[in-house]
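Asks: Residue numbers (the working numbering), protein chains in the order written: chain A, 1 to 155; chain B, 156 to 567.
Quick caveat, the hints were computed from the structure, so don't treat them as lab data.
Careful: at least some of the hints might be erroneous.
Said to hold, decoys possible - With a cut-off of at most 30 Å between alpha-carbon atoms, the simulated DSSO-like pairs for lysine-lysine come out as follows: (1) B:Lys-396 x B:Lys-323; (2) A:Lys-137 x B:Lys-166; (3) A:Lys-131 x A:Lys-95; (4) A:Lys-137 x B:Lys-250; (5) B:Lys-323 x B:Lys-166; (6) B:Lys-527 x B:Lys-323.
Stated by the list, open to error - These stretches of chain B come out as covered by chain A in the derived footprint (C-beta under 8 Å, 3 or more residues): (7) 508-519; (8) 526-537.
Beta carbons are placed, not taken as given, at the ideal position from N, Cα and C, and that holds for glycine.
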Amino acid sequence: MADLEELYREIILDHYRSPRNRGELTDPAAHRAEGFNPLCGDEVLITIIVDDGVLTDIKISGQGCSISQSSASLMSAAVKGKPVSDVRQLIDTFKTLMTVHGAQLEESDVEIEPVDLRSLGELAALQGVVKFPMRIKCATLGWNTLTQCLDDASL
Amino acid sequence: MTQDLDVALLKKDFPLLDQEVNGRRIIYLDSAASSLPPHPVIAAMDHYYETTHANVHRGVYATAEEATRLFEDTRRVVGQFLGAPDPAQEIVFTKNTTESINLLAHSWGRANLVEGDVVVLSIMEHHANIVPWQMLASERGIEIRWIGIDDDGRLDLDDLETIVDGAKLVSVTAMSNVLGTITPLPTVIEASHRAGALVHVDGAQAVPHLPTNVADLDVDFLSFSAHKALGPTGIGVLYGKAALLDAMPPFLGGGGMILDVRTDRFLAAEAPQRFEAGTPPIAEAIGLAEGIRYIEGVGIDAIRAHEKQLTAYALSSLADHFGDSVTVHGPPAGDDRGGVLSLTVEGVHSHDVAQILDSVGVCVRPGHHCAKPLMRHLGVAATARASFGLYNDEADVDVLVEGLAQATTMFA
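Between the sequences and the hints, there should be enough to build the whole structure, so can you do that?
Replies: Here's what the structure looks like:
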């Protein structure tokens, strides 16, 4: 049960119940990308505005489990207003948390917190996900879709 | 025939049930995805590998003869279980139900369907009985027509005669892997035959749980998988009427499916060997036969009666505890309802439902269950599916209810 409580931390349930930056940007200048998790049917649509190298606005729509939806909501709050270079850095850090941290768990029962965990702020609440490998794909769906969005727009 | 199974005794035959998950007794409610193998199935396969292993249809030494005998005997066991008139000619071994249907689409479909021909499916089919026909449709320009469902999740047969009119093949599931709906096969088969169409039945969900007799049904083709029928993964079955299989071209090419090969041509073997290229899954065939013997030992009628009763108990227990906050898709308990319960829990995604159920040891499957056209029709992206086997009882359902109560509390 301890693992389950770590997975469903209050902040995650809060973002699931009240997702931030929900919706779709209709501005013709908005870039968009869709992501799917074919295993569970989760869908996410991300629209962003990038102005002078800064991600000034982001909206997220779609449907899915608490992990995929809260992770995308937390992400939207973390990247809004940041330079694209910082956004890419954050995506890398988060995906490292989801992969390296998981690999470390295989080796030992001791939790090793990466040094840059503090830089993730509220996003660190998602670290409980790595104990449930099937859920990592849920947590990274929004992030991979944002990467896709930036790549498609050559940003 | 006994109607009440001694489930406590049966459970002892399933080694996987004798363990704990997260400090709780494991409650396996995912038999629609894959059933658990009983000890005799595992022992038969082990025994084969330890004493008899050899390639089949080749060697003349004693173990090769015995391996061949056991492998071919599975055709008889499967054929008799299905009521096939001529098991040695009519039982084809494949990898699973999916491969059985792909075999049918590639071989029979390519030989018999031309542009404009019609294949009829139902909206509650598994992707395995949709995508092979769509692949053929885009290649050949055939038309796919759909039988819909009503609000209770039963096939809507009001327009059946119009839908099957002019069709070459009607391919339907005998039981939905999402709704648990049992198809009225005699009605569908009779109307299809009257319209001149052949009928393939996807028996993956029904064959292990309901009496199924291909001769009584007069069905032309039927597929199922061993791993949903207490057997191992890696082997499935395509039943086909002998005359139909005889007229079908080969599927995969290679060893075992030929009479002769020259530099410029080959001569295909008779059915069913014609469709079995390469070394077959021998140990798996032996496990398949043992799984069917186990089902026959318990009795398919007794299994159906038990699962029907358990389904009624579960439906009423869920309604009592959760009212409208838990929706079970599909028909109410009854003769046309199998032991598959797809749940929508208000405010909780199926992935989260399944995760919380895992914490109390309950194994269910979240997601779209490889039936996306049906899920779209139902207007849901995913459900948490609990499905029964002969080894489940009311105590298992009670733990499911306990776990669902936790899920609704956590996400309240």
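Asks: Quick check: do three or more residues in the region 508-519 of chain B have a beta carbon closer than 8 Å to a beta carbon of chain A?
Replies: With 3 residues closer than 8 Å to chain A, the region 508-519 of chain B meets the three-residue bar; holds.
Asks: Going straight from one Cα to the other, do Lys-131 (chain A) and Lys-95 (chain A) come out at no more than 30 Å?
Replies: 15 Å, holds
Asks: Against the 30 Å threshold, does the CA-CA distance of Lys-396 (chain B) and Lys-323 (chain B) hold or violate the hint?
Replies: Between Lys-396 (chain B) and Lys-323 (chain B) the Cα gap is close to 16 Å, so the pair holds against 30 Å.
Asks: Measure nothing beyond the straight line between the CA atoms of Lys-137 (chain A) and Lys-166 (chain B); if it is 30 Å or shorter, mark the hint as holding.
Replies: Violated: Lys-137 (chain A) and Lys-166 (chain B) sit about 35 Å apart, past 30 Å.
Asks: Taken at face value, is the distance from the CA of Lys-166 (chain B) to the CA of Lys-323 (chain B) at most 30 Å?
Replies: 45 Å, violated
Asks: Between the alpha carbons of Lys-527 (chain B) and Lys-323 (chain B), is the straight-line distance 30 Å or under?
Replies: 25 Å, holds
Asks: Under a C-beta cut-off of less than 8 Å, do 3 or more residues of the region 526-537 of chain B approach chain A closely enough to confirm the stated coverage?
Replies: Holds: 4 residues of the region 526-537 of chain B have a Cβ under 8 Å from chain A.
Asks: When you check the alpha-carbon spacing of Lys-137 (chain A) and Lys-250 (chain B), does it fall within 30 Å?
Replies: 29 Å, holds
Violated hints, in rising order: 2, 5; the structure is consistent with all others.
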